[in-house]
Amino acid sequence: MAKDRRNKGRDHDSRLDLLDASLFEKKQVLDIGCNSGNISIIIAQRYKPAFLKGVDIDPYLINKAQSVLRIAYSLQNPDEDVDKTQAIDLSMRFHHFPRSMTNLFGFIPMATPPSYTSTEFPHNVQFQEGDWVEMEDEKKYDTIVALSVTKWIQLHRGDDGIKLFFKKIFEALNPGGTLVLEPQSYDTYHRRAKMNEKMQSIYDSIKLLPENYKDYLMNEVGFSKVKELGVSDHDNKGFKRPLFLYTK
1 MAKDRRNKGR DHDSRLDLLD ASLFEKKQVL DIGCNSGNIS IIIAQRYKPA FLKGVDIDPY
61 LINKAQSVLR IAYSLQNPDE DVDKTQAIDL SMRFHHFPRS MTNLFGFIPM ATPPSYTSTE
121 FPHNVQFQEG DWVEMEDEKK YDTIVALSVT KWIQLHRGDD GIKLFFKKIF EALNPGGTLV
181 LEPQSYDTYH RRAKMNEKMQ SIYDSIKLLP ENYKDYLMNE VGFSKVKELG VSDHDNKGFK
241 RPLFLYTK
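With the numbering used here applied, the sequence shown closes on residue 248, and no number is skipped along the way.
Capping the alpha-carbon separation at 25 Å, the derived lysine-lysine pairs in DSS-like fashion look like this:
id, residue 1, residue 2
1, K151, K64
2, K214, K151
3, K163, K151
4, K27, K139
5, K140, K225
6, K227, K163
7, K167, K214
8, K248, K168
9, K151, K207
10, K214, K168
11, K225, K151
12, K167, K151
13, K248, K139
14, K151, K240
15, K198, K163
Simulated DEER-style distance windows between Cβ atoms:
id, residue 1, residue 2, range
16, Q128, D215, 25 to 33 Å
17, K225, E25, 17 to 25 Å
18, A21, S205, 39 to 47 Å
The set of hints was computed from the structure by calculation and includes no laboratory data.
Glycine included, every Cβ here is placed at the ideal spot set by N, Cα and C.
Could you build the full structure based on these sequences and the hints that come with them?
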């Protein structure tokens, strides 16, 4: 069974504290490797992007994300705007209505007519299963979020794969758009690489180290500027990774 690699052991993800609301408000947003959807849903609910798409290669996690979306919508306070300053509850345990309400009465319907469009939650968020690198996605985005996915892409696809990933992100961004990137450090690769021979072989061939991503993204891909936001205040040492903003 898949594990939630983003939110392990936390009800609040401090990485979001480092991100300004202007990255998302009224924007077209893509969350690559959205996992179980918690961060996508929080962004969609609190910062009201015009549209947010969460993509993950794992069908189990996409099904979970769609379930969490129904829960979040069913249990929110219908009369109040979400307070952007309050702690973000990623466990989905604390809502205006008790969690048992959905068990007793089911979910509030989210279905809309085919021609209906809205930037209001939950109609501003969509989840899709698939490998985004191989997807045909002609849509342009203002903000693309890639949290803790670079290691997995590089261990499965090697240097060529991570380079293709970065180039496709650049092409998918609108002029002035932003990539929110959280790369894993190279010293975490080896343990995962031992999972199978193919991954070990790819690991042995890696030349583009995470510490050199910035140089590659700026000088080869074409981003115009980069800003390091710092390291989130996470309880788990393994999740204390720097966040970067790359502007097209």
